[in-house]
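Engineer: So the chains spell out like this:
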Amino acid sequence: MQPLPLDKSVALIPDGASLMIGGFMAVGTPLRVIDELVRQKKSNLIVIANDTAMPGRGIGKLVDAKLLRKAIVSHIGLNPETQRQMLAGELEVELVPQGTLIERIRAGGFGLGGVLTQTGIGTSVEEGKQRIEVAGRQYLLEVALRADFALVQAFLADYMGNLSYALTARNFNPVIAMAADTVIASADHIVPVGVLAPDHVMTPAPVVDYLVAHS
Amino acid sequence: MEPQAIIARRIARELAPGMLVNLGIGIPTLVANYLPPGINLFFQSENGLVGTGAPPEEGMAHPMLTDAAGHPVTALPGASTFDSAMSFGLIRGGHLDLTVLGGLQVDQSGRLANWMIPKKMVPGMGGAMDLVCGAKRVIVAMQHTAKGRPKIVKQCSLPVTAVRPVDLVVTEMAVVAFSDGRAILRETAPGVSVAEIVAATEAELVVPNDVREMPH
Numbered sequence: 001m002q003p004l005p006l007d008k009s010v011a012l013i014p015d016g017a018s019l020m021i022g023g024f025m026a027v028g029t030p031l032r033v034i035d036e037l038v039r040q041k042k043s044n045l046i047v048i049a050n051d052t053a054m055p056g057r058g059i060g061k062l063v064d065a066k067l068l069r070k071a072i073v074s075h076i077g078l079n080p081e082t083q084r085q086m087l088a089g090e091l092e093v094e095l096v097p098q099g100t101l102i103e104r105i106r107a108g109g110f111g112l113g114g115v116l117t118q119t120g121i122g123t124s125v126e127e128g129k130q131r132i133e134v135a136g137r138q139y140l141l142e143v144a145l146r147a148d149f150a151l152v153q154a155f156l157a158d159y160m161g162n163l164s165y166a167l168t169a170r171n172f173n174p175v176i177a178m179a180a181d182t183v184i185a186s187a188d189h190i191v192p193v194g195v196l197a198p199d200h201v202m203t204p205a206p207v208v209d210y211l212v213a214h215s
Numbered sequence: 216m217e218p219q220a221i222i223a224r225r226i227a228r229e230l231a232p233g234m235l236v237n238l239g240i241g242i243p244t245l246v247a248n249y250l251p252p253g254i255n256l257f258f259q260s261e262n263g264l265v266g267t268g269a270p271p272e273e274g275m276a277h278p279m280l281t282d283a284a285g286h287p288v289t290a291l292p293g294a295s296t297f298d299s300a301m302s303f304g305l306i307r308g309g310h311l312d313l314t315v316l317g318g319l320q321v322d323q324s325g326r327l328a329n330w331m332i333p334k335k336m337v338p339g340m341g342g343a344m345d346l347v348c349g350a351k352r353v354i355v356a357m358q359h360t361a362k363g364r365p366k367i368v369k370q371c372s373l374p375v376t377a378v379r380p381v382d383l384v385v386t387e388m389a390v391v392a393f394s395d396g397r398a399i400l401r402e403t404a405p406g407v408s409v410a411e412i413v414a415a416t417e418a419e420l421v422v423p424n425d426v427r428e429m430p431h
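Chains A and B supply the protein sequences, listed in that same order.
Going letter by letter, the first sequence gives residues 1 to 215 in this note's numbering.
Going letter by letter, the second sequence gives residues 216 to 431 in this note's numbering.
Simulated from the structure, these hints should not be mistaken for lab results.
There's no promise every hint is true.
[What the hints assert, rightly or not] Cut-off 27 angstroms, straight-line C-alpha distance, at most; resulting in silico cross-link-like pairs (DSSO-like, lysine-lysine):
{"no.": "1", "chain 1": "B", "residue 1": "K335", "chain 2": "A", "residue 2": "K129"}
{"no.": "2", "chain 1": "B", "residue 1": "K369", "chain 2": "B", "residue 2": "K351"}
{"no.": "3", "chain 1": "B", "residue 1": "K351", "chain 2": "A", "residue 2": "K129"}
{"no.": "4", "chain 1": "A", "residue 1": "K41", "chain 2": "A", "residue 2": "K8"}
{"no.": "5", "chain 1": "A", "residue 1": "K41", "chain 2": "A", "residue 2": "K70"}
{"no.": "6", "chain 1": "B", "residue 1": "K351", "chain 2": "A", "residue 2": "K70"}
{"no.": "7", "chain 1": "B", "residue 1": "K334", "chain 2": "B", "residue 2": "K362"}
{"no.": "8", "chain 1": "B", "residue 1": "K369", "chain 2": "B", "residue 2": "K334"}
{"no.": "9", "chain 1": "B", "residue 1": "K335", "chain 2": "B", "residue 2": "K369"}
{"no.": "10", "chain 1": "B", "residue 1": "K334", "chain 2": "A", "residue 2": "K66"}
{"no.": "11", "chain 1": "A", "residue 1": "K8", "chain 2": "A", "residue 2": "K66"}
{"no.": "12", "chain 1": "A", "residue 1": "K129", "chain 2": "B", "residue 2": "K334"}
{"no.": "13", "chain 1": "B", "residue 1": "K362", "chain 2": "B", "residue 2": "K335"}
{"no.": "14", "chain 1": "B", "residue 1": "K335", "chain 2": "A", "residue 2": "K70"}
{"no.": "15", "chain 1": "A", "residue 1": "K8", "chain 2": "A", "residue 2": "K70"}
{"no.": "16", "chain 1": "A", "residue 1": "K41", "chain 2": "A", "residue 2": "K66"}
{"no.": "17", "chain 1": "A", "residue 1": "K70", "chain 2": "A", "residue 2": "K129"}
{"no.": "18", "chain 1": "B", "residue 1": "K335", "chain 2": "A", "residue 2": "K66"}
Turn these sequences into a full structure, and let the hints guide you.
Structural biologist: Spelled out as structure tokens, the structure:
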């Protein structure tokens, strides 16, 4: 796989696209890709991610630049700007319990229609959702999530697109890599094919569509 | 002693060797400071780490090794890292022995509200709803009152985090357990009377004969 220059990688993304973005408080977020989204002024985006980080950091930069139409996230507590835009009615925010969010994404990437979970039962999260009883226990039906693009950040990528992640920068990345029509991966290091041992590959090459070049 | 320290130190006594424990942000984080020496257990950070250690010494932070608040941490020998699906599989799948969470309100039947104040503070629930639903045991660490108003109430006025009741609330005044829809006073903090606790609690407190003083 020939790595694609950063500007060309981001040029693949049209205005209005839905993006799954890896990272947890900007750790494991493709920061160069975010900067390029801002530079190219992509607008009207839907972002599906764990959080919106904080102002000036990671996904927070997309919020600062007002490029988002909607955010589907579990936590915005450390980003006052996201809260401000939400309360002012400028940005639609769908808050999803973190475990439910990652399972909805996993379902989207694994060919499942959704998942059954007890999380959210009897809370505001239940509104508008179907309850299903299995073996005498009540569950909420949480439907699968997919996106047009997954913006994945790996620690190591090889030139075929095999990916491996480091420490707590893994978080949403391998899961979103399964759940989008087009997967754009960037990596801290791109290594020759064969350097990543088969056992150490966490996202297999066939799911990665584009690898972002380093320069 | 600061209220937060009294609470954290008391909760630390609930920890036992081999447990997998998730500590929330705020007072719960302090529990790790009072871990009895010689006890080996696993702390989980829900961003994908089991075996979370103390904050790193200066110059030793790694940008890709953080806790759920994004702060640098260390990984103890024997630690493991994984993705968010695995992390919440541990939480929701019944593998987590204990979670300690902060609270805004707990009602008489033990239902916790800790994730939002409508129109004022809407941080999102993060992992809180999953933790309350999925952990084997849930302990709430919070001050007994906020601006003089009781936080253990008859019914939560704030949106609840889950309908599953918490097991224990530990405040700087008392330890309260919940069972069969009742709030039961278990312990009083040193120097605090039962009457003072009842006065600072809106929920109806069952006061058994064997209420003891909080060990320290």
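Engineer: Take the hints in turn and mark each one as holding or not.
Structural biologist: How the hints compare with the structure:
{"no.": "1", "hint": "B:K335 to A:K129", "result": "26 angstroms, holds"}
{"no.": "2", "hint": "B:K369 to B:K351", "result": "25 angstroms, holds"}
{"no.": "3", "hint": "B:K351 to A:K129", "result": "26 angstroms, holds"}
{"no.": "4", "hint": "A:K41 to A:K8", "result": "14 angstroms, holds"}
{"no.": "5", "hint": "A:K41 to A:K70", "result": "16 angstroms, holds"}
{"no.": "6", "hint": "B:K351 to A:K70", "result": "35 angstroms, violated"}
{"no.": "7", "hint": "B:K334 to B:K362", "result": "19 angstroms, holds"}
{"no.": "8", "hint": "B:K369 to B:K334", "result": "23 angstroms, holds"}
{"no.": "9", "hint": "B:K335 to B:K369", "result": "22 angstroms, holds"}
{"no.": "10", "hint": "B:K334 to A:K66", "result": "21 angstroms, holds"}
{"no.": "11", "hint": "A:K8 to A:K66", "result": "22 angstroms, holds"}
{"no.": "12", "hint": "A:K129 to B:K334", "result": "23 angstroms, holds"}
{"no.": "13", "hint": "B:K362 to B:K335", "result": "17 angstroms, holds"}
{"no.": "14", "hint": "B:K335 to A:K70", "result": "20 angstroms, holds"}
{"no.": "15", "hint": "A:K8 to A:K70", "result": "24 angstroms, holds"}
{"no.": "16", "hint": "A:K41 to A:K66", "result": "9 angstroms, holds"}
{"no.": "17", "hint": "A:K70 to A:K129", "result": "20 angstroms, holds"}
{"no.": "18", "hint": "B:K335 to A:K66", "result": "22 angstroms, holds"}
Checked against the numbered hints above, the structure violates only hint 6.
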